[in-house]
Amino acid sequence: MTTSSHTDMPSSPPWGAEQSRTITWRDPMTTQATVASMSGLSYWRAVADGHLPPPPIGELVQMGIVAVENGAITFSWTPDGSMYNPLGLVHGGAVCTLLDTVAACALHTTLPQGVGYTSVEIKVNYLKAMTLDSGPLTAVGSVVRAGSRIGFAEGEFIDASGNVVATASTTLLIFELRR
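Numbering-wise, the numbering used here comes out as the position in the sequence shown, counting from 1, plus 80.
Hints were generated in silico from the structure; no laboratory data involved.
Watch out, some of these pointers could steer you wrong.
Unchecked claim - What follows is a list of derived Cβ distance ranges for each label pair:
(1) G242 with E98: 45 to 53 Å
(2) T102 with G172: 24 to 32 Å
(3) M109 with L207: 16 to 24 Å
(4) I103 with N165: 39 to 47 Å
(5) R258 with D213: 44 to 52 Å
(6) S100 with S228: 44 to 52 Å
(7) G144 with S241: 31 to 39 Å
(8) W105 with T198: 14 to 22 Å
(9) H131 with G242: 28 to 36 Å
(10) M109 with F255: 30 to 38 Å
Unchecked claim - Derived lysine to aspartate or glutamate pairs resembling DMTMM-like cross-links, with alpha carbons at most 20 Å apart:
(11) K208 with E256
(12) K203 with D160
(13) K208 with E234
(14) K203 with E236
(15) K203 with E234
(16) K208 with E149
For each residue, glycine too, the CB sits at the ideal point set by N, CA and C.
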(Lines of atoms letter the chains of each structure in order from A and count residues from 1; the text may use other names and numbers.)
(Lines give C-alpha, C1' and ligand atoms only; values in the text may rest on other atoms or scores of the structure.)
Protein backbone atom coordinates (compact mmCIF):
# COMPACT_ATOMS: atom_id res chain seq x y z
CA MET A 1 0.00 0.00 0.00
CA THR A 2 1.37 3.35 -1.00
CA THR A 3 0.61 6.52 0.84
CA SER A 4 1.29 9.99 -0.39
CA SER A 5 2.46 12.93 1.60
CA HIS A 6 0.97 16.33 1.23
CA THR A 7 4.33 18.05 0.80
CA ASP A 8 3.31 19.23 -2.65
CA MET A 9 0.37 21.17 -1.19
CA PRO A 10 0.75 24.96 -1.08
CA SER A 11 1.27 26.40 2.39
CA SER A 12 -1.46 28.94 1.79
CA PRO A 13 -4.56 27.44 0.10
CA PRO A 14 -5.37 29.32 -3.12
CA TRP A 15 -9.02 28.32 -3.32
CA GLY A 16 -10.52 31.46 -1.86
CA ALA A 17 -13.34 32.05 0.54
CA GLU A 18 -15.92 29.44 1.38
CA GLN A 19 -19.20 29.92 -0.48
CA SER A 20 -22.76 28.92 0.32
CA ARG A 21 -26.20 29.00 -1.22
CA THR A 22 -29.62 28.93 0.40
CA ILE A 23 -32.37 26.98 -1.32
CA THR A 24 -36.04 27.72 -0.73
CA TRP A 25 -38.88 25.59 -2.05
CA ARG A 26 -42.51 24.67 -1.47
CA ASP A 27 -43.53 21.24 -0.22
CA PRO A 28 -44.54 19.28 -3.34
CA MET A 29 -46.95 17.15 -1.30
CA THR A 30 -49.19 20.20 -0.85
CA THR A 31 -49.61 20.66 -4.61
CA GLN A 32 -49.80 16.96 -5.49
CA ALA A 33 -53.63 16.88 -5.74
CA THR A 34 -53.63 20.04 -7.85
CA VAL A 35 -51.03 18.59 -10.22
CA ALA A 36 -53.04 15.34 -10.56
CA SER A 37 -56.16 17.34 -11.46
CA MET A 38 -54.46 19.13 -14.37
CA SER A 39 -53.15 18.04 -17.74
CA GLY A 40 -49.36 18.14 -17.95
CA LEU A 41 -49.51 21.04 -20.39
CA SER A 42 -51.77 23.07 -18.07
CA TYR A 43 -49.52 22.29 -15.11
CA TRP A 44 -46.30 23.41 -16.80
CA ARG A 45 -47.96 26.55 -18.16
CA ALA A 46 -49.17 27.37 -14.63
CA VAL A 47 -45.63 26.91 -13.27
CA ALA A 48 -44.16 29.03 -16.09
CA ASP A 49 -46.70 31.78 -15.38
CA GLY A 50 -45.97 31.70 -11.63
CA HIS A 51 -49.43 30.42 -10.64
CA LEU A 52 -47.95 27.22 -9.18
CA PRO A 53 -44.58 26.77 -7.48
CA PRO A 54 -41.87 24.97 -9.44
CA PRO A 55 -40.82 21.51 -8.30
CA PRO A 56 -38.05 21.49 -5.65
CA ILE A 57 -35.48 20.07 -8.10
CA GLY A 58 -35.95 23.20 -10.20
CA GLU A 59 -35.07 25.37 -7.24
CA LEU A 60 -32.11 23.17 -6.31
CA VAL A 61 -30.44 23.39 -9.70
CA GLN A 62 -31.75 26.92 -10.44
CA MET A 63 -33.40 26.20 -13.78
CA GLY A 64 -35.98 28.50 -15.27
CA ILE A 65 -38.79 27.79 -17.70
CA VAL A 66 -38.45 29.61 -21.02
CA ALA A 67 -41.22 28.05 -23.13
CA VAL A 68 -43.91 25.38 -22.84
CA GLU A 69 -45.90 23.77 -25.63
CA ASN A 70 -47.52 20.42 -26.27
CA GLY A 71 -44.66 17.91 -26.61
CA ALA A 72 -41.84 20.35 -25.89
CA ILE A 73 -40.40 22.46 -23.09
CA THR A 74 -37.38 24.73 -22.81
CA PHE A 75 -35.42 25.58 -19.65
CA SER A 76 -32.63 28.06 -19.01
CA TRP A 77 -29.73 27.17 -16.74
CA THR A 78 -26.62 29.00 -15.68
CA PRO A 79 -24.80 26.60 -13.37
CA ASP A 80 -23.05 28.21 -10.45
CA GLY A 81 -19.89 26.92 -8.77
CA SER A 82 -21.88 24.41 -6.70
CA MET A 83 -22.51 22.43 -9.91
CA TYR A 84 -18.82 22.12 -10.85
CA ASN A 85 -16.49 19.16 -10.39
CA PRO A 86 -12.88 19.51 -9.15
CA LEU A 87 -11.64 20.01 -12.73
CA GLY A 88 -13.62 23.23 -13.22
CA LEU A 89 -16.24 21.60 -15.45
CA VAL A 90 -19.99 21.36 -14.92
CA HIS A 91 -20.52 17.98 -13.24
CA GLY A 92 -21.89 15.32 -15.59
CA GLY A 93 -24.42 14.21 -12.99
CA ALA A 94 -25.92 17.71 -12.90
CA VAL A 95 -26.12 17.73 -16.71
CA CYS A 96 -27.78 14.29 -16.68
CA THR A 97 -30.29 15.45 -14.06
CA LEU A 98 -31.31 18.46 -16.14
CA LEU A 99 -31.53 16.46 -19.37
CA ASP A 100 -33.66 13.83 -17.63
CA THR A 101 -35.87 16.60 -16.26
CA VAL A 102 -36.34 18.51 -19.51
CA ALA A 103 -37.08 15.34 -21.51
CA ALA A 104 -39.52 14.01 -18.89
CA CYS A 105 -41.28 17.38 -18.59
CA ALA A 106 -41.71 17.45 -22.38
CA LEU A 107 -43.49 14.09 -22.13
CA HIS A 108 -45.57 15.40 -19.22
CA THR A 109 -46.92 18.18 -21.47
CA THR A 110 -48.63 15.48 -23.59
CA LEU A 111 -50.30 13.66 -20.69
CA PRO A 112 -53.92 14.13 -19.58
CA GLN A 113 -54.94 14.86 -15.99
CA GLY A 114 -54.43 11.99 -13.58
CA VAL A 115 -51.53 10.50 -15.53
CA GLY A 116 -47.92 10.52 -14.34
CA TYR A 117 -44.54 9.35 -15.52
CA THR A 118 -41.18 8.19 -14.25
CA SER A 119 -37.85 7.60 -15.93
CA VAL A 120 -36.97 4.02 -16.83
CA GLU A 121 -33.63 4.71 -18.51
CA ILE A 122 -31.54 7.56 -19.86
CA LYS A 123 -28.57 7.72 -22.20
CA VAL A 124 -26.49 10.88 -22.19
CA ASN A 125 -23.86 12.00 -24.71
CA TYR A 126 -21.48 14.69 -23.49
CA LEU A 127 -20.31 16.44 -26.67
CA LYS A 128 -18.36 19.38 -25.26
CA ALA A 129 -17.20 20.32 -21.78
CA MET A 130 -19.36 22.91 -20.05
CA THR A 131 -17.42 25.62 -18.24
CA LEU A 132 -17.90 29.24 -17.22
CA ASP A 133 -17.10 30.10 -20.85
CA SER A 134 -20.18 28.16 -21.99
CA GLY A 135 -22.36 31.01 -20.73
CA PRO A 136 -26.06 30.55 -20.03
CA LEU A 137 -27.30 27.17 -21.22
CA THR A 138 -30.60 26.29 -22.84
CA ALA A 139 -32.12 22.85 -22.31
CA VAL A 140 -34.69 21.76 -24.88
CA GLY A 141 -36.89 18.70 -24.34
CA SER A 142 -39.06 17.09 -26.99
CA VAL A 143 -41.24 14.02 -27.26
CA VAL A 144 -40.30 11.35 -29.77
CA ARG A 145 -43.32 9.16 -29.05
CA ALA A 146 -45.90 9.01 -26.28
CA GLY A 147 -47.63 5.64 -26.08
CA SER A 148 -50.21 4.49 -23.57
CA ARG A 149 -47.62 2.94 -21.19
CA ILE A 150 -44.19 3.99 -22.47
CA GLY A 151 -42.91 7.33 -23.73
CA PHE A 152 -39.70 8.28 -25.49
CA ALA A 153 -38.25 11.77 -25.24
CA GLU A 154 -35.04 13.62 -25.97
CA GLY A 155 -33.21 16.53 -24.46
CA GLU A 156 -30.29 18.67 -25.50
CA PHE A 157 -28.18 21.42 -23.97
CA ILE A 158 -27.16 24.36 -26.12
CA ASP A 159 -24.48 26.82 -24.98
CA ALA A 160 -24.52 30.60 -25.42
CA SER A 161 -22.71 30.26 -28.78
CA GLY A 162 -25.41 27.95 -30.15
CA ASN A 163 -23.36 24.75 -29.86
CA VAL A 164 -25.10 21.55 -28.77
CA VAL A 165 -22.97 20.45 -25.81
CA ALA A 166 -24.92 17.41 -24.53
CA THR A 167 -27.83 15.26 -25.65
CA ALA A 168 -29.97 12.59 -24.02
CA SER A 169 -32.60 10.08 -24.97
CA THR A 170 -34.87 8.67 -22.31
CA THR A 171 -37.55 6.05 -21.87
CA LEU A 172 -40.36 6.81 -19.44
CA LEU A 173 -43.08 4.70 -17.85
CA ILE A 174 -46.54 6.28 -18.10
CA PHE A 175 -49.04 5.40 -15.36
CA GLU A 176 -52.27 6.48 -13.71
CA LEU A 177 -51.75 8.56 -10.58
CA ARG A 178 -53.30 7.36 -7.33
CA ARG A 179 -55.78 9.75 -5.83
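Hints, one by one, checked against the model:
1. G242 with E98: 45 to 53 Å: Taking Cβ atoms as reference, G242 and E98 lie about 35 Å apart, which means the hint is violated.
2. T102 with G172: 24 to 32 Å: 25 Å, holds
3. M109 with L207: 16 to 24 Å: 38 Å, violated
4. I103 with N165: 39 to 47 Å: For N165 against I103, whose Cβ atoms are near 20 Å apart, the range 39 to 47 Å is violated.
5. R258 with D213: 44 to 52 Å: Since the Cβ atoms of R258 and D213 sit about 46 Å apart, the hinted range of 44 to 52 Å holds.
6. S100 with S228: 44 to 52 Å: 46 Å, holds
7. G144 with S241: 31 to 39 Å: 20 Å, violated
8. W105 with T198: 14 to 22 Å: For T198 against W105, whose Cβ atoms are near 20 Å apart, the range 14 to 22 Å holds.
9. H131 with G242: 28 to 36 Å: Roughly 32 Å apart at Cβ, these two residues keep to the hinted range, so it holds.
10. M109 with F255: 30 to 38 Å: 19 Å, violated
11. K208 with E256: 38 Å, violated
12. K203 with D160: Distance ~24 Å between K203 and D160 Cα, so the pair is violated.
13. K208 with E234: 18 Å, holds
14. K203 with E236: Within the cut-off at roughly 12 Å; holds.
15. K203 with E234: 10 Å, holds
16. K208 with E149: It is violated: about 28 Å lies between the C-alpha atoms, which goes past 20 Å.
In this structure, the earlier hints numbered 1, 3, 4, 7, 10, 11, 12 and 16 are contradicted, and the remaining ones agree with it.
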